[in-house]
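Hey, can you work out the whole structure from these sequences and the hints?
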Amino acid sequence: MKFDKPATDNPIDRLQVVGQPRDRIDGARKVTGTARYAYEHHDVAANQAYGYVVGAGIAKGRIASIKLDAARKAPGVLAIVTAKEAGKLNKGKRNTARLLAGPEIEHYHQAVALVVAESFEQARAAASLVEIAYAPTKGTFDLKKVKDSGKKPEGDDPSLDDTNVGDFPGAFESAQVKLDQSYTTPDESHAMMEPHATLAAWEGERLTLWTSNQMVAWGVADMAATLGISKDNIRIMSPFIGGGFGGKLFLRSDVLLAALGARAAKRPVKVALQRPLMINNTTHRPATIQRIRIGATREGKITAIGHESWSGDLPGGGPEVAVQQTRLLYAGANRMTAMRLVELDLPEGNAMRAPGEAPGLMALEIAMDEMAEKLSLDPIAFRMLNDTQVDPEKPERPFSMRQLGECFRVGAERFGWSRRQARPGTMRDGHGLIGFGVAAAFRNNIVMKSGARVSLDSQGIVTVETDMTDIGTGSYTIIGQTAAEMLGVDLYKVVVRLGDSAFPVSAGSGGQWGGNSATAGVYAACVKLREAVAQKLGINSGEAVFEGGDVKAGNRSLPLASAAASGPLTAEDTIEYGDLDETHQQSTFGAHFVEVSVDTATAETRIRRMLAVCAAGRILNPKTARSQVIGAMTMGAGAALMEELAVDKRRGFFVNHDLAGYEVPVHADIPHQDVIFLDETDPMSSPMKAKGVGELGICGVGAAIANAIYNATGVRVRDYPITLDKLIRHMPDAA
Amino acid sequence: MNRRDLIAAAGACAALPSMVGAARGQPVPIGEPVRASVSFRVNGAGHHLELDTRTTLLDALREHLKLTGTKKGCDHGQCGACTVLVDGQRINSCLTLAVMNQGSEVTTIEGLGSVDNLHPMQAAFVKHDGFQCGYCTPGQICSAVAVLDEIKAGIPSHVSADLEGAMAVSEAELRERMSGNICRCGAYSNIVEAMTDVAGRQG
Numbered sequence: 001m002k003f004d005k006p007a008t009d010n011p012i013d014r015l016q017v018v019g020q021p022r023d024r025i026d027g028a029r030k031v032t033g034t035a036r037y038a039y040e041h042h043d044v045a046a047n048q049a050y051g052y053v054v055g056a057g058i059a060k061g062r063i064a065s066i067k068l069d070a071a072r073k074a075p076g077v078l079a080i081v082t083a084k085e086a087g088k089l090n091k092g093k094r095n096t097a098r099l100l101a102g103p104e105i106e107h108y109h110q111a112v113a114l115v116v117a118e119s120f121e122q123a124r125a126a127a128s129l130v131e132i133a134y135a136p137t138k139g140t141f142d143l144k145k146v147k148d149s150g151k152k153p154e155g156d157d158p159s160l161d162d163t164n165v166g167d168f169p170g171a172f173e174s175a176q177v178k179l180d181q182s183y184t185t186p187d188e189s190h191a192m193m194e195p196h197a198t199l200a201a202w203e204g205e206r207l208t209l210w211t212s213n214q215m216v217a218w219g220v221a222d223m224a225a226t227l228g229i230s231k232d233n234i235r236i237m238s239p240f241i242g243g244g245f246g247g248k249l250f251l252r253s254d255v256l257l258a259a260l261g262a263r264a265a266k267r268p269v270k271v272a273l274q275r276p277l278m279i280n281n282t283t284h285r286p287a288t289i290q291r292i293r294i295g296a297t298r299e300g301k302i303t304a305i306g307h308e309s310w311s312g313d314l315p316g317g318g319p320e321v322a323v324q325q326t327r328l329l330y331a332g333a334n335r336m337t338a339m340r341l342v343e344l345d346l347p348e349g350n351a352m353r354a355p356g357e358a359p360g361l362m363a364l365e366i367a368m369d370e371m372a373e374k375l376s377l378d379p380i381a382f383r384m385l386n387d388t389q390v391d392p393e394k395p396e397r398p399f400s401m402r403q404l405g406e407c408f409r410v411g412a413e414r415f416g417w418s419r420r421q422a423r424p425g426t427m428r429d430g431h432g433l434i435g436f437g438v439a440a441a442f443r444n445n446i447v448m449k450s451g452a453r454v455s456l457d458s459q460g461i462v463t464v465e466t467d468m469t470d471i472g473t474g475s476y477t478i479i480g481q482t483a484a485e486m487l488g489v490d491l492y493k494v495v496v497r498l499g500d501s502a503f504p505v506s507a508g509s510g511g512q513w514g515g516n517s518a519t520a521g522v523y524a525a526c527v528k529l530r531e532a533v534a535q536k537l538g539i540n541s542g543e544a545v546f547e548g549g550d551v552k553a554g555n556r557s558l559p560l561a562s563a564a565a566s567g568p569l570t571a572e573d574t575i576e577y578g579d580l581d582e583t584h585q586q587s588t589f590g591a592h593f594v595e596v597s598v599d600t601a602t603a604e605t606r607i608r609r610m611l612a613v614c615a616a617g618r619i620l621n622p623k624t625a626r627s628q629v630i631g632a633m634t635m636g637a638g639a640a641l642m643e644e645l646a647v648d649k650r651r652g653f654f655v656n657h658d659l660a661g662y663e664v665p666v667h668a669d670i671p672h673q674d675v676i677f678l679d680e681t682d683p684m685s686s687p688m689k690a691k692g693v694g695e696l697g698i699c700g701v702g703a704a705i706a707n708a709i710y711n712a713t714g715v716r717v718r719d720y721p722i723t724l725d726k727l728i729r730h731m732p733d734a735a
Numbered sequence: 736m737n738r739r740d741l742i743a744a745a746g747a748c749a750a751l752p753s754m755v756g757a758a759r760g761q762p763v764p765i766g767e768p769v770r771a772s773v774s775f776r777v778n779g780a781g782h783h784l785e786l787d788t789r790t791t792l793l794d795a796l797r798e799h800l801k802l803t804g805t806k807k808g809c810d811h812g813q814c815g816a817c818t819v820l821v822d823g824q825r826i827n828s829c830l831t832l833a834v835m836n837q838g839s840e841v842t843t844i845e846g847l848g849s850v851d852n853l854h855p856m857q858a859a860f861v862k863h864d865g866f867q868c869g870y871c872t873p874g875q876i877c878s879a880v881a882v883l884d885e886i887k888a889g890i891p892s893h894v895s896a897d898l899e900g901a902m903a904v905s906e907a908e909l910r911e912r913m914s915g916n917i918c919r920c921g922a923y924s925n926i927v928e929a930m931t932d933v934a935g936r937q938g
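Going down the list, the sequences are from chains P and R. Residue numbering for the first sequence is 1 to 735, as defined by my numbering. Residue numbering for the second sequence is 736 to 938, as defined by my numbering.
Hints were generated in silico from the structure; no laboratory data involved. Model, not experiment: these values are computed from the prediction. Careful: at least some of the hints might be erroneous.
[To be verified] No farther apart than 30 Å at their CA atoms in a straight line, the calculated lysine-lysine pairs in the DSS-like style are these:
{"hint": "1", "chain 1": "P", "residue 1": "Lys67", "chain 2": "P", "residue 2": "Lys649"}
{"hint": "2", "chain 1": "R", "residue 1": "Lys801", "chain 2": "P", "residue 2": "Lys73"}
{"hint": "3", "chain 1": "P", "residue 1": "Lys178", "chain 2": "P", "residue 2": "Lys374"}
{"hint": "4", "chain 1": "P", "residue 1": "Lys649", "chain 2": "P", "residue 2": "Lys138"}
{"hint": "5", "chain 1": "R", "residue 1": "Lys862", "chain 2": "P", "residue 2": "Lys493"}
{"hint": "6", "chain 1": "P", "residue 1": "Lys144", "chain 2": "P", "residue 2": "Lys178"}
{"hint": "7", "chain 1": "R", "residue 1": "Lys862", "chain 2": "P", "residue 2": "Lys623"}
{"hint": "8", "chain 1": "P", "residue 1": "Lys2", "chain 2": "P", "residue 2": "Lys394"}
{"hint": "9", "chain 1": "P", "residue 1": "Lys726", "chain 2": "P", "residue 2": "Lys144"}
{"hint": "10", "chain 1": "P", "residue 1": "Lys266", "chain 2": "R", "residue 2": "Lys801"}
{"hint": "11", "chain 1": "P", "residue 1": "Lys91", "chain 2": "P", "residue 2": "Lys231"}
{"hint": "12", "chain 1": "P", "residue 1": "Lys147", "chain 2": "P", "residue 2": "Lys726"}
In structure tokens, the structure reads:
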């Protein structure tokens, strides 16, 4: 199905199942421990052996020698894989560094060997006997130090280009009120709860992989490329994924090493990256240094806005696209953005939940708060003065839908924003200084081609198959709801099967495109199935109403199941998109409101209240969508207050590489969270009229917390995370 | 190992840094794994296992008994995903060796309820959407069940105002006591609602 005209009325609009806050259809399995994750498939292949990964002990250089004798002789050892044993391996196009290093080392904890043994304990013990001598070379690890060596990112992706509209330097120079500030965000880790894990089994040339991957088709393609085998010989299954956040978008070392280990040991092998290895072995969100300049009239109209960002990555990698939202969020005739990329020899930087916007808005939305204060304007009023319904760079191009103002209005009322004191440090409760903060949330809506297969059996059971993944997002449930709505059956009559490369290729889970695009693909397949059903029943498909398990037309009503009486009916289709996302800017919007208390004596920040108001198209399931938003707000709270990979700038690695050292929010850090979804349907996005919501919630929330801390204390911290050591010396007198 | 051995071992540890260089190139060969037998009950069923003594209770459950509901998030006692109940008390099963649990009664997520017969806490997690990816969920639920029991038993926490009086099932108490169970998806707000719901019905 080609989606190239705005959606009109369709069966989804009935909202009998779609749009309802249904419990997750996979919920009972998850709460009983019967949903099986990558490392847990005991029954699919006999005689499974265990792999344990050895990571490089240097950041850059070469392996001078590697001694395997002792490890080979250790009890239970079946095989050891190193780059030498593995032979020629290519690199998948989505990987920056190789997944198995040697002799060249590109980053710390890059995998250099896999030890395969009869048991996990034996593999671990033997791995400690692998003896490696390194010849290290000098690396570059300090973004701040080498910032000025940054170059324009290479490649033909226009989103990486510098942008210039009007005369930014002139307009900024002559602006009546100006802000020119720098902000920094640190390296961050996805730290999903399930480690990257894979079980690999060979049958002749054919490789089957049970793994934990957000993008099944990408995984197949990159695995085929890496091993130099045909995609047809690889099957990936990823039915349950214990969190991803972008960290499982790509093929990682667990998959390759399990496959190589299984080939060497001639047995199925399973590998889970050890937690202390994960952070340096896999990808992370790169640190940024950002400079923001805003010029405005005395009345608060922005006349010039400029955003520059510096970040680093391994050679061949890309930048953190932290300036993206600034091209679209606020009006202003004169504008510029630029990104500069430096080469660093730290582990590979890549996408983490809302890449670009998450760190970009952490800076931009503090800058807007600072500018509002300079203008003596309420921060919401300042933002509303510079709201826009068109792409500020191309005013002829409207937003498909933009309710940013309504988000702020509704949120301000619900939150009690009018109680905020404009002067910092003036609200107190016991030992705490109280502050309110606000920030805009913004994230683009990306549409992706997505396929599905739907079948109907003689019992009236509808089965949906697609390689779409559910990384906690609720894909199982919203896909089930979509099929139930389209075919007029109860949700329990729908079976959803996901994450298998044998199924039609879907959008996958990433960039908050999965929910809208994958359900649109299911919609397309259901339209075809409805036609097949109508034809089978001798009904004009244009007249057919699918409702209550029946198909009705005029006075006739036939059970849906009867269409499959003589055998199952199956339909497959793919949703493809025209240029509606080019003629119209499709984005999602929100407003974050936060109340904090900062202890007058210790400068410890506690979040007391959080509210997000979101406008993100049709909300397919308010229960799971709300969970996406509160989860993203939680991760944003981590980014604001505690998350930071500490860089060892001499040896070149992230020091706090486990869940004890890399602090993420825990129960005690997070208060009750409120989310309001504005009533919205966006006919430009897809037949579902939905947009993404999984990443919107993290966009801006960090700045709302930072702004609340400023409102509480009068201390403006521009370097995340805002830990108490950055506040305590500047706190107002405790008395 | 007697006390004197322990002191000797500690002394050896202290000397370790200087030995590392010398030891390189001649790794100490290790022998066959030391095996031991252990018996314990899991979810009411008796098990007798012959295990490598290095096997954690977590791996005994997941790899030997194939009870994979208990999750390995970090294997270092940092995340709480492996929380199970041993003799009614919650513990991180990655931090106890299987052989240390001779005679114990272990309850895992599979023992609390099944898909067709959910434990009230499991049902409340579904109703309140107290999870997303589901990986920390069995540990959260085992902890949640134990936390309500701990409060009922009057065991104080860091946020309890009175160390000796009756404990209230307040949100602050639940959050404090649940803080050893990390949920990266960020379902905390919903988990507290689920626990409050169950506590309310328990009265």
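Now the hints, each set against the structure:
no., hint, in the structure
1, P/Lys67 with P/Lys649, "29 Å, holds"
2, R/Lys801 with P/Lys73, "29 Å, holds"
3, P/Lys178 with P/Lys374, "8 Å, holds"
4, P/Lys649 with P/Lys138, "11 Å, holds"
5, R/Lys862 with P/Lys493, "20 Å, holds"
6, P/Lys144 with P/Lys178, "25 Å, holds"
7, R/Lys862 with P/Lys623, "9 Å, holds"
8, P/Lys2 with P/Lys394, "26 Å, holds"
9, P/Lys726 with P/Lys144, "18 Å, holds"
10, P/Lys266 with R/Lys801, "23 Å, holds"
11, P/Lys91 with P/Lys231, "15 Å, holds"
12, P/Lys147 with P/Lys726, "23 Å, holds"
Checked against the numbered hints given earlier, the structure satisfies every one of them.
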